[in-house]
Amino acid sequence: MIGGLFIYNHKGEVLISRVYRDDIGRNAVDAFRVNVIHARQQVRSPVTNIARTSFFHVKRSNIWLAAVTKQNVNAAMVFEFLYKMCDVMAAYFGKISEENIKNNFVLIYELLDEILDFGYPQNSETGALKTFITQQGIKSQHEDKRRAIPDHQPGDWANWLAAGGHQVSSERALPGCAGECEPPHVPTGGKQSIAIDDCTFHQCVRLSKFDSERSISFIPPDGEFELMRYRTTKDIILPFRVIPLVREVGRTKLEVKVVIKSNFKPSLLAQKIEVRIPTPLNTSGVQVICMKGKAKYKASENAIVWKIKRMAGMKESQISAEIELLPTNDKKKWARPPISMNFEVPFAPSGLKVRYLKVFEPKLNYSDHDVIKWVRYIGRSGIYETRC
Amino acid sequence: MPYLGSEDVVKELKRALCNPHIQADRLRYRNVIQRVIRHMTQGVDMSGVFMEMVKASATVDIVQKKLVYHYMCTYAPLKPDLALLAINTLCKDCSDPNPMVRGLALRSMCSLRMPGVQEYIQQPVLHGLRDKASYVRRVAVLGCAKMHNLHGDSEVDGALVNELYSLLRDQDPIVVVNCLRSLEEILKQEGGVVINKPIAHHLLNRMPKLDQWGQAEVLNFLLRYQPRSEEELFDILNLLDGFLKSSSPSVVMGATKLFLILAKQFPHVQTDVLVRVKGPLLAACSSESRELCFVALCHVRQILHSLPGHFSGHYKKFFCSYSEPHYIKLKKVEVLCELVNDENVQQVLEELRGYCTDVSADFAQAAISAIVVVQTFRDLVWLCPQCTDAVCQALPGCEDTIQDSEGKQALIWLLGVHGERIPNAPYVLEDFAENVKSETFPAVKMELLTALLRLFLSRPAECQDALGRLLCYCIEEEKDMAVRDRGLFYYRLLLAGVDEAKRVLCSPKSDPSLGLLEDQAERPVNSWASDFNTLVPVYGKARWATISKCQGTERRGPELPSTAAFAASGPLIPEENKEKVEELPDSGALVLVPNHHLAAETFEKAWLSLEVAHRQVLPWQGAVHPDTLQMALQVVNIQTIAVSRAGAQPWKAYLSAQDDTGCLFLTELLWEPETLAMQVSVKQSEARADTLGSFTSVLGTVLGTVGDIKS
Numbered sequence: 001m002i003g004g005l006f007i008y009n010h011k012g013e014v015l016i017s018r019v020y021r022d023d024i025g026r027n028a029v030d031a032f033r034v035n036v037i038h039a040r041q042q043v044r045s046p047v048t049n050i051a052r053t054s055f056f057h058v059k060r061s062n063i064w065l066a067a068v069t070k071q072n073v074n075a076a077m078v079f080e081f082l083y084k085m086c087d088v089m090a091a092y093f094g095k096i097s098e099e100n101i102k103n104n105f106v107l108i109y110e111l112l113d114e115i116l117d118f119g120y121p122q123n124s125e126t127g128a129l130k131t132f133i134t135q136q137g138i139k140s141q142h143e144d145k146r147r148a149i150p151d152h153q154p155g156d157w158a159n160w161l162a163a164g165g166h167q168v169s170s171e172r173a174l175p176g177c178a179g180e181c182e183p184p185h186v187p188t189g190g191k192q193s194i195a196i197d198d199c200t201f202h203q204c205v206r207l208s209k210f211d212s213e214r215s216i217s218f219i220p221p222d223g224e225f226e227l228m229r230y231r232t233t234k235d236i237i238l239p240f241r242v243i244p245l246v247r248e249v250g251r252t253k254l255e256v257k258v259v260i261k262s263n264f265k266p267s268l269l270a271q272k273i274e275v276r277i278p279t280p281l282n283t284s285g286v287q288v289i290c291m292k293g294k295a296k297y298k299a300s301e302n303a304i305v306w307k308i309k310r311m312a313g314m315k316e317s318q319i320s321a322e323i324e325l326l327p328t329n330d331k332k333k334w335a336r337p338p339i340s341m342n343f344e345v346p347f348a349p350s351g352l353k354v355r356y357l358k359v360f361e362p363k364l365n366y367s368d369h370d371v372i373k374w375v376r377y378i379g380r381s382g383i384y385e386t387r388c
Numbered sequence: 001m002p003y004l005g006s007e008d009v010v011k012e013l014k015r016a017l018c019n020p021h022i023q024a025d026r027l028r029y030r031n032v033i034q035r036v037i038r039h040m041t042q043g044v045d046m047s048g049v050f051m052e053m054v055k056a057s058a059t060v061d062i063v064q065k066k067l068v069y070h071y072m073c074t075y076a077p078l079k080p081d082l083a084l085l086a087i088n089t090l091c092k093d094c095s096d097p098n099p100m101v102r103g104l105a106l107r108s109m110c111s112l113r114m115p116g117v118q119e120y121i122q123q124p125v126l127h128g129l130r131d132k133a134s135y136v137r138r139v140a141v142l143g144c145a146k147m148h149n150l151h152g153d154s155e156v157d158g159a160l161v162n163e164l165y166s167l168l169r170d171q172d173p174i175v176v177v178n179c180l181r182s183l184e185e186i187l188k189q190e191g192g193v194v195i196n197k198p199i200a201h202h203l204l205n206r207m208p209k210l211d212q213w214g215q216a217e218v219l220n221f222l223l224r225y226q227p228r229s230e231e232e233l234f235d236i237l238n239l240l241d242g243f244l245k246s247s248s249p250s251v252v253m254g255a256t257k258l259f260l261i262l263a264k265q266f267p268h269v270q271t272d273v274l275v276r277v278k279g280p281l282l283a284a285c286s287s288e289s290r291e292l293c294f295v296a297l298c299h300v301r302q303i304l305h306s307l308p309g310h311f312s313g314h315y316k317k318f319f320c321s322y323s324e325p326h327y328i329k330l331k332k333v334e335v336l337c338e339l340v341n342d343e344n345v346q347q348v349l350e351e352l353r354g355y356c357t358d359v360s361a362d363f364a365q366a367a368i369s370a371i372v373v374v375q376t377f378r379d380l381v382w383l384c385p386q387c388t389d390a391v392c393q394a395l396p397g398c399e400d401t402i403q404d405s406e407g408k409q410a411l412i413w414l415l416g417v418h419g420e421r422i423p424n425a426p427y428v429l430e431d432f433a434e435n436v437k438s439e440t441f442p443a444v445k446m447e448l449l450t451a452l453l454r455l456f457l458s459r460p461a462e463c464q465d466a467l468g469r470l471l472c473y474c475i476e477e478e479k480d481m482a483v484r485d486r487g488l489f490y491y492r493l494l495l496a497g498v499d500e501a502k503r504v505l506c507s508p509k510s511d512p513s514l515g516l517l518e519d520q521a522e523r524p525v526n527s528w529a530s531d532f533n534t535l536v537p538v539y540g541k542a543r544w545a546t547i548s549k550c551q552g553t554e555r556r557g558p559e560l561p562s563t564a565a566f567a568a569s570g571p572l573i574p575e576e577n578k579e580k581v582e583e584l585p586d587s588g589a590l591v592l593v594p595n596h597h598l599a600a601e602t603f604e605k606a607w608l609s610l611e612v613a614h615r616q617v618l619p620w621q622g623a624v625h626p627d628t629l630q631m632a633l634q635v636v637n638i639q640t641i642a643v644s645r646a647g648a649q650p651w652k653a654y655l656s657a658q659d660d661t662g663c664l665f666l667t668e669l670l671w672e673p674e675t676l677a678m679q680v681s682v683k684q685s686e687a688r689a690d691t692l693g694s695f696t697s698v699l700g701t702v703l704g705t706v707g708d709i710k711s
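Taken in order, these protein sequences are the chains called R and D.
With full-length UniProt numbering, the residue at position 256 of the first sequence is 256, and numbering never jumps.
With full-length UniProt numbering, the residue at position 556 of the second sequence is 556, and numbering never jumps.
Excised from the complex, chain R in its bound form:
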């Protein structure tokens, strides 16, 4: 069980504090600030024990969320709960930022009242919570409104595919059966030709049907949800290849050339491509030339950021940069961090495909062709790094 929940900003100021159990004193709030947020060295573990109290924390942008307990709890559950809380908050007011948390202060207290009672997780589904929450989420004005798919944490490649890749939204596909009616049954079929190392399904999926027919049959809950999460390691088509070339010209100059090659059907377009080329700390100036997109040296991030809006398959693009270095007497060599990349492609690099999507709705008698349905593929990069 969770004894208390605190939210801090990056300075360690308490934005939200809710204590559920007597054994968590007021000083717990300060103990976490002093020992973790203000600690000089970086975080050594997401679970910190201070004076026999365990603090579980997660960070979202520069906001710290900490769950506190004195019990020998199940750590995975506490973290899952914190993630869930972030999801619920995000569903109400978008990004978890200091501004949003301050603006939605009452809402958050309302939520904390409902999703935990006496430290035990209660109802945490956004849909069901709506009945008990009076406040509307206040979104900050400069929030990106074009959120077609929910924001996921940058993650490992295969995992991401599952998370954002294929969404079948019952709400959008079935405008007529929101709310009262019995939700429809939606079986989708998957071809067996790709090797999935393992997969997990949302609770609504009938596993027996999957085992016998290899089709995923489910009654969708309200809203957006993650139907399936899978992991593959074999036969992944890497959509981009990154070929770096770094040459040190004397002690005060570096020449960097990076070529990216897109490796998918020429008819498809990758979007939001961003390549991040790290530069040494003693960089004094950078000249960049790129054939496509825009590239900029960002001194504060110690990196050259190269952005390309769109790029078709089977193409290649190149950037070259000359980096001037300040002479230093630092003996340590530059560590050459990897070049990282972000992008979106309109297919699943794992090769996973939805063969068909059928909708059954017995109560209102919708037949399968009455409903408008579509499947959209988006493959978004998680951590995509190339050593140089």
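Any given hint could turn out to be false.
Said to hold, decoys possible - Straight-line distance between alpha carbons at most 25 Å, and here's what the computed BS3-like set of lysine-lysine pairs gives:
hint: 1; chain 1: R; residue 1: Lys-265; chain 2: R; residue 2: Lys-296
hint: 2; chain 1: D; residue 1: Lys-245; chain 2: D; residue 2: Lys-316
hint: 3; chain 1: R; residue 1: Lys-84; chain 2: D; residue 2: Lys-245
hint: 4; chain 1: R; residue 1: Lys-363; chain 2: D; residue 2: Lys-209
hint: 5; chain 1: R; residue 1: Lys-234; chain 2: D; residue 2: Lys-316
hint: 6; chain 1: D; residue 1: Lys-14; chain 2: R; residue 2: Lys-102
hint: 7; chain 1: D; residue 1: Lys-245; chain 2: R; residue 2: Lys-209
hint: 8; chain 1: R; residue 1: Lys-84; chain 2: R; residue 2: Lys-59
hint: 9; chain 1: R; residue 1: Lys-353; chain 2: D; residue 2: Lys-245
hint: 10; chain 1: R; residue 1: Lys-373; chain 2: R; residue 2: Lys-363
hint: 11; chain 1: R; residue 1: Lys-257; chain 2: R; residue 2: Lys-298
hint: 12; chain 1: D; residue 1: Lys-317; chain 2: R; residue 2: Lys-59
hint: 13; chain 1: D; residue 1: Lys-317; chain 2: D; residue 2: Lys-245
hint: 14; chain 1: D; residue 1: Lys-317; chain 2: R; residue 2: Lys-234
hint: 15; chain 1: R; residue 1: Lys-209; chain 2: D; residue 2: Lys-11
hint: 16; chain 1: R; residue 1: Lys-265; chain 2: R; residue 2: Lys-363
hint: 17; chain 1: D; residue 1: Lys-549; chain 2: D; residue 2: Lys-605
hint: 18; chain 1: R; residue 1: Lys-130; chain 2: D; residue 2: Lys-209
hint: 19; chain 1: D; residue 1: Lys-79; chain 2: D; residue 2: Lys-14
hint: 20; chain 1: D; residue 1: Lys-278; chain 2: R; residue 2: Lys-234
hint: 21; chain 1: R; residue 1: Lys-209; chain 2: R; residue 2: Lys-257
hint: 22; chain 1: R; residue 1: Lys-130; chain 2: D; residue 2: Lys-605
hint: 23; chain 1: R; residue 1: Lys-309; chain 2: R; residue 2: Lys-298
hint: 24; chain 1: R; residue 1: Lys-209; chain 2: D; residue 2: Lys-209
hint: 25; chain 1: D; residue 1: Lys-11; chain 2: R; residue 2: Lys-102
hint: 26; chain 1: D; residue 1: Lys-79; chain 2: D; residue 2: Lys-92
Said to hold, decoys possible - Not everything, but these chain R residues come out facing chain D in the computed CB check (under 8 Å):
hint: 27; residue: Val-43
hint: 28; residue: Asn-74
hint: 29; residue: Glu-80
hint: 30; residue: Cys-86
hint: 31; residue: Asp-87
hint: 32; residue: Phe-132
hint: 33; residue: Ile-194
hint: 34; residue: Asp-198
Please keep in mind that the hints were generated in silico from the structure rather than gathered at the bench.
The beta-carbon is built from N, C-alpha and C at its ideal position, and this holds for glycine as well.
Start from chain R and add chain D according to the hints.
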């Protein structure tokens, strides 16, 4: 928490709350209340406006009600008499036609932590248990547990317990799970909720209907059910099979634990289960949720202790990525170190080598990762002699990044043992020998002596000079006795002849630190199954033992008025730790009084008049952070009277505490940078050996914990 101008804030808010104009305007009124809550969140004492807030509770505005109730739950213990005034409104709300209002009122009423509230909440709770809205029932069920907690040690109400047991059959899944939680707390003294066959089977059947929190919780409760027959056991396992593949990692881990425990007698079933959760665990280990990934890695390590080869085929999953937080990198390197075998050692080593040059980027991180990496290298070298070459190539260049004593020791050891194959080994060691005067850790000096002597035996020409100077320094100038002794011993050994020295130093098992890998014999699954999915794998067994031991101590010295709220460790504590908790002597029961305050002059007078009753030296490295220490001491009700500022040398602190018999404990802490130790002197106003023992152990654990956090 001191807050500048907080009194003015309270005054101003009080005025605003009383202002009839504001009261008439719902939005403005709500705004003022919000400000009160905001200040409360920031730690300002807002109990001054309690009266006005109670008045604000009588409203139809639900938002306002929620805010006021939240406020009242926080300050009710401070103003019990005023809080009673709100009971009326709350009771009225408990029979509101809107289930949401009923639930809210009931929940808030049960959360008012103040004496005397029980008589008012009993009836509403009982009504709530039979409410037709499941929302109210959920609240009422947990309300029973809250009520019991308020009573403290009072007797268990049999009728209520029966009612809760019957509610296990409720339609609503959350009510069912709340019943289990509530019964568990109410019946804690009797060993918690009883899971008999009908209940177990009922719960098993309800499992698919529960949400992930409920499933995780029920799996945990099922641990205490003992199937009657083998047949029943396998039926249960079959029923729960799907949960091993749940999308929620906590359910997967809960199910794994249940399987491991139920199948105690069937090692092949256990192994089979561990094979089947491999996929989900690996997925969690490479998950985008870093904290979860960390927890999964801790559990993978645990499994590796019993099945060393279990993840060997997947070693690549444990390669670090540059942008990962370093706690994950550390865990991954630990895991890598445990799953190396003949086939993958080359690749693993290659990868580790990569990390070695990688680390120079960030100073702090460099130090830590380098230790781990070099230690790993040392272990690998011991394990597979054929790969030493690869390690030797990677070593040059590491020495700049290592700052920590353990890392230095490991590197020096490597250079000594494999020095003949590392061209610049003598020069690296020579550098260390040159700087030995500024070296702070005696252990590093000892390692250096051994290593240089060893290398001298294989490459005499290059080392003679350095060794001579090092020996000279150690014997003539060194203050640490152990180092000096080691130096003298080697000197005399060399006098006995080179062959004799070789025989002593280069015998196969001369280094005790290498026992490390040998005692990693496979541990049976049953030895850790009960720790699985708890905090034990996260903290590590040794660390957990100290933490739970402290909890035992604390049980005797509660910092809060209600002891019953102290659900010290629940049933999840592994058996052996439980024994440890009980082992603590009860005779010297020590209860330190909270809010004890002693003026500095009184302290000084008492300090001068008393004799030192106990003296102790605790190991302590690095500087002291007075804030951390003070905070930690406050938690166990030890007051800090005076303290040197951070970084002062020598550093001193004076502490005071009082137990329930009025006996004073006065303590001086003295830290001198040269000794690397904290000197603790305790004086006692009445000489009583038993409480003195308990006090020093409490103090010792606090200092130990703070030391741990810091280092």
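Going through the hints against the structure:
1. Lys-265/R / Lys-296/R: 29 Å, violated
2. Lys-245/D / Lys-316/D: Roughly 22 Å between the alpha carbons, so the hint for Lys-245/D and Lys-316/D holds.
3. Lys-84/R / Lys-245/D: Measuring from Cα to Cα gives roughly 19 Å; hence the hint holds.
4. Lys-363/R / Lys-209/D: Given pair Lys-363/R, Lys-209/D holds - Cα atoms ~22 Å apart, limit 25 Å.
5. Lys-234/R / Lys-316/D: 13 Å, holds
6. Lys-14/D / Lys-102/R: 23 Å, holds
7. Lys-245/D / Lys-209/R: 15 Å, holds
8. Lys-84/R / Lys-59/R: 13 Å, holds
9. Lys-353/R / Lys-245/D: 22 Å, holds
10. Lys-373/R / Lys-363/R: With Cα atoms ~19 Å apart, Lys-373/R and Lys-363/R stay inside 25 Å; holds.
11. Lys-257/R / Lys-298/R: 17 Å, holds
12. Lys-317/D / Lys-59/R: Status holds; Cα separation ~24 Å.
13. Lys-317/D / Lys-245/D: Holds - the C-alpha atoms of Lys-245/D and Lys-317/D are around 19 Å apart, at most 25 Å.
14. Lys-317/D / Lys-234/R: 13 Å, holds
15. Lys-209/R / Lys-11/D: Status violated; Cα separation ~66 Å.
16. Lys-265/R / Lys-363/R: 43 Å, violated
17. Lys-549/D / Lys-605/D: At roughly 35 Å apart (the allowed maximum being 25 Å), Lys-605/D and Lys-549/D break the hint.
18. Lys-130/R / Lys-209/D: 21 Å, holds
19. Lys-79/D / Lys-14/D: Distance ~16 Å between Lys-79/D and Lys-14/D Cα, so the pair holds.
20. Lys-278/D / Lys-234/R: 17 Å, holds
21. Lys-209/R / Lys-257/R: 52 Å, violated
22. Lys-130/R / Lys-605/D: 63 Å, violated
23. Lys-309/R / Lys-298/R: Status holds; Cα separation ~19 Å.
24. Lys-209/R / Lys-209/D: 18 Å, holds
25. Lys-11/D / Lys-102/R: 24 Å, holds
26. Lys-79/D / Lys-92/D: Between Lys-79/D and Lys-92/D the Cα gap is close to 21 Å, so the pair holds against 25 Å.
27. Val-43: Holds, because the Cβ-Cβ distance from Val-43/R to chain D comes to roughly 7 Å (cut-off 8 Å).
28. Asn-74: 5 Å, holds
29. Glu-80: 5 Å, holds
30. Cys-86: 10 Å, violated
31. Asp-87: 11 Å, violated
32. Phe-132: 6 Å, holds
33. Ile-194: Interface hint status for Ile-194/R: violated (15 Å vs cutoff 8 Å).
34. Asp-198: This hint holds: Asp-198/R lies near chain D, its Cβ roughly 3 Å from the closest one there, short of 8 Å.
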